[in-house]
Structure formats: structure tokens, C-alpha cells
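Undergrad: Sequence:
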Amino acid sequence: KHTVFAPEMGGCRVWGQAWSGWRRGLWIRATPTAPGFGTKARHQLQRRGASKPSDPPGDQPFPGLLRPETFSREELVDVLRAAVVDRKGPLVTLNKPQGLPVTGKPGELTLLSVLPELSRSLGLGEQELQVVRASGKEASGLVLLSSCPQTASRLHKFFTHSQRARRPTATYCAVTDGIPVTSEGKIQAALKLEHVDGVNLVVPVQSPTRKDIMEGVKRTLSHFRVVAMGSGCALVQLQPLTVFPSQLQAHMALQLCPVLGDHTYSARVGTVLGQRFLLPVESTKPQRQVLYEALLGRLCLTPSQAAQLPLHLHLHCLHLPGARPRDPPIELLAPLPSYFSRTLQCLGLHYQ
Numbered sequence: 001k002h003t004v005f006a007p008e009m010g011g012c013r014v015w016g017q018a019w020s021g022w023r024r025g026l027w028i029r030a031t032p033t034a035p036g037f038g039t040k041a042r043h044q045l046q047r048r049g050a051s052k053p054s055d056p057p058g059d060q061p062f063p064g065l066l067r068p069e070t071f072s073r074e075e076l077v078d079v080l081r082a083a084v085v086d087r088k089g090p091l092v093t094l095n096k097p098q099g100l101p102v103t104g105k106p107g108e109l110t111l112l113s114v115l116p117e118l119s120r121s122l123g124l125g126e127q128e129l130q131v132v133r134a135s136g137k138e139a140s141g142l143v144l145l146s147s148c149p150q151t152a153s154r155l156h157k158f159f160t161h162s163q164r165a166r167r168p169t170a171t172y173c174a175v176t177d178g179i180p181v182t183s184e185g186k187i188q189a190a191l192k193l194e195h196v197d198g199v200n201l202v203v204p205v206q207s208p209t210r211k212d213i214m215e216g217v218k219r220t221l222s223h224f225r226v227v228a229m230g231s232g233c234a235l236v237q238l239q240p241l242t243v244f245p246s247q248l249q250a251h252m253a254l255q256l257c258p259v260l261g262d263h264t265y266s267a268r269v270g271t272v273l274g275q276r277f278l279l280p281v282e283s284t285k286p287q288r289q290v291l292y293e294a295l296l297g298r299l300c301l302t303p304s305q306a307a308q309l310p311l312h313l314h315l316h317c318l319h320l321p322g323a324r325p326r327d328p329p330i331e332l333l334a335p336l337p338s339y340f341s342r343t344l345q346c347l348g349l350h351y352q
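For the record, in the sequence shown the residue sitting at position 255 is 255 according to full-length UniProt numbering, with numbers rising by one throughout.
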């Protein structure tokens, strides 16, 4: 283990570390290259000791899947404390379960609502944690917290500056129903939020005008790279270069390859004689994702189980600045959920 001490990080002392192995399920590596897609992360997607792809997937359809909506406050705090994968100075990193909202309405059970209890549970006293970066409700993966306001402010500025410079700071892993036409590329779309039947939905906008932009339409951009493909599905790395609700799900639906377990935007993709096409958004309501019988067989799922399929979208990697200006950036990597790994096994999505 090599340790570099930074006297200050936005006013708070912080340790920057480069590790030579796994630490409680999280790999942290200092890398001299700019953040982007690379092959070296492929073999770090799963925990050490995970089943080999040739092993039987097991009887449970969604192993390790939690249902945060059923938890009490005390149970959620216990789950989040167990999900902590790294602590370094004021920074706390955890691997958020799928389905847990970060924010919500007053009185709702969210990550933000239990941060005071989580802070005390981690022995931080009056230093209450605040969210620096997090995956959305339906996604699993990394959440970066800080008990130091100055450190949080510094990191917020880093993420904002990177977004303006179109430098990726987050990499998601997704399993898609369908294989993108090209193995790598970018997805650009103008999106807006529309309130439909009591639900906020992301809607694409063709050729937005200046008035549209003023009224909340946003031009969005994501990079994608296909890592593996098989059984009509793909393992895809996604890097959002803009921030918009459900951006990645909407983008993959526009590519006719909705994310597996997307029970909102997958309904916009229709199929006739084996050819996929986009259905009109105005006449398409969210519904449970429909999977072909052959795919259900590969996943060892019944139709009723497939209706409960969790979204296979995982915030796998975050790029942070080094503790000092000349230090190389740091990568935080979170292992995949067990149900995600099981799906890869069932579909034969192996790393090359």
C-alpha cells in the first residue's frame, strides 16, 4: 500500500491512497491517464471469489436484491452502514442498493433523510455527511459522501468543471435488451421532463428551438461502448457527459436497446417481423418490460419474475482529482450487485 498525505483539501485534511489490491470490495487506483473507456476495468467488475461464468446461476432469480421501500429507518441505516466500501478522511464511499432514492418529498425514506443517523452510526459525531455524487433511485452503485463542507464544495466544482469541459467522471455498466449497431459512439438528444398521469417522464424533443431551451429542454450527451454481447443482449459501458433525470435509460431506448429491467422507457421500442422501431412517445405509456421467450429461458425467469426484474444499470466507476494538484486522478470502482453478475452468467457475457 502506498499512501500520500495531502496537508489540505479545500480546508480539510484528506488521505489520498493508491492500493495494490481489493479493499472491502472496492478497488482504488491512481492512474496517469485521462478518465475514459479502457480494457483494464473489465476484469474488476466482479468481486473476487465470485462464481465463474460456467457455474450454474443458482435458484434465486435476483440474488442480493434488496427492497429499500420495505425498510424502517433503523434497518436502512444498518444496510447503508454495511454498504460502506471505503472511508478516507472526510470522504465515505458506499455501494447503494438499487431502488433507494437519494432525495424525495418530506417524510419519505431516502438516503438523504437518514444521513444524520448514518453519520452518528459511523462515529462522525456532529460532522454530518452530505451527498457529493450518487447514482439515481433505480440504479445501483457508487455514492460519494463527505463530512467536510469544504471538501464537498471542492469536489462539486471539479464535477461541474469536468461537465462543462465534456470530460467524463462517471462510468456506468448496463445490460441492454438488444445490441447497439456500433460498438462505440455517442448519443445526443434533446430531452425534457413531462408530467404524465402523475409521473414525471423524460421525453425527447426533435429540433428544439431557443424557446424550448428556455422552457427546460436540455441537449444531452452520453458516450457508450459495448464490452460484450451475446443472446441478443449486450454489456455496455455508459458515460454521461450531461446531467438529466433518467438520461441513460432514455438514451438507450432511443438506440432501440433499452436497459434490462427498464419498466418505464422500454415500452417505447416496438418490434415488427424482428425489426425494432421507436413508437410515438405521446401514445406510449410506461409498462412492464416485455422479454422474448428465448431470453426469459436464458435468464431462467418466468414472466411474473421478469415483471420484477431490477434495472441493470450500475454506477461502477467515479474519477476524482488527486489530493494535490499534481497528483494523478483517483478511480473508485464498485463491484456489481449479485443479481447483475447472475444475469451476465446466464447470458454468457464474458470478458475478452
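One should not assume that every hint holds.
Said to hold, decoys possible - Estimated spans, in silico, between C-beta atoms of each pair: (1) 60 <-> 219: 18 to 26 Å; (2) 188 <-> 279: 19 to 27 Å; (3) 211 <-> 288: 45 to 53 Å; (4) 150 <-> 288: 22 to 30 Å; (5) 194 <-> 221: 14 to 22 Å; (6) 297 <-> 184: 24 to 32 Å; (7) 149 <-> 288: 36 to 44 Å.
What the hints assert, rightly or not - Here are the simulated EDC-like pairs of lysine to aspartate or glutamate, each with C-alpha atoms no more than 20 Å apart in a straight line: (8) 105 <-> 212; (9) 105 <-> 69; (10) 218 <-> 282; (11) 192 <-> 126.
Read the hints as simulated data drawn from the structure, not as lab findings.
Computed from a predicted model, the values in this text were never measured in an experiment.
Built from N, CA and C at the ideal position, the CB exists for glycine as well.
Undergrad: With reference to the structure, classify each hint as holding or not holding.
TA: So, going through the hints one by one against the coordinates:
Distance hint check: the CB atoms of residue 60 and residue 219 are about 42 Å apart, inconsistent with the given range 18 to 26 Å. Between residue 188 and residue 279 the CB atoms are about 21 Å apart, so this pair conforms to the stated range of 19 to 27 Å. Taking 45 to 53 Å as the suggested C-beta distance range, the pair residue 211 and residue 288 does not conform, at roughly 36 Å. Our hint of 22 to 30 Å for residue 150 and residue 288 is violated, since their Cβ atoms are close to 46 Å apart.
Between residue 194 and residue 221 the CB atoms are about 20 Å apart, so this pair conforms to the stated range of 14 to 22 Å. Range check, residue 297 to residue 184: about 30 Å between beta-carbon atoms, so the 24 to 32 Å window is met. For the pair residue 149 and residue 288, the supplied restraint of 36 to 44 Å holds, since their beta-carbon distance comes to about 43 Å. Annotation: proposed proximity of residue 105 to residue 212 is violated, straight-line Cα distance about 28 Å (limit 20 Å).
Our distance criterion of 20 Å between C-alpha atoms is met by residue 105 and residue 69, whose separation comes to about 14 Å. Distance check on the hinted pair: residue 218 and residue 282 sit about 19 Å apart at the alpha-carbon level, within 20 Å; holds. Taken as a hint, the residue 192 and residue 126 pair is broken in the structure, with Cα atoms around 40 Å apart against an allowance of 20 Å.
Hint compliance for this structure: hints 1, 3, 4, 8, 11 are broken, all remaining hints hold.
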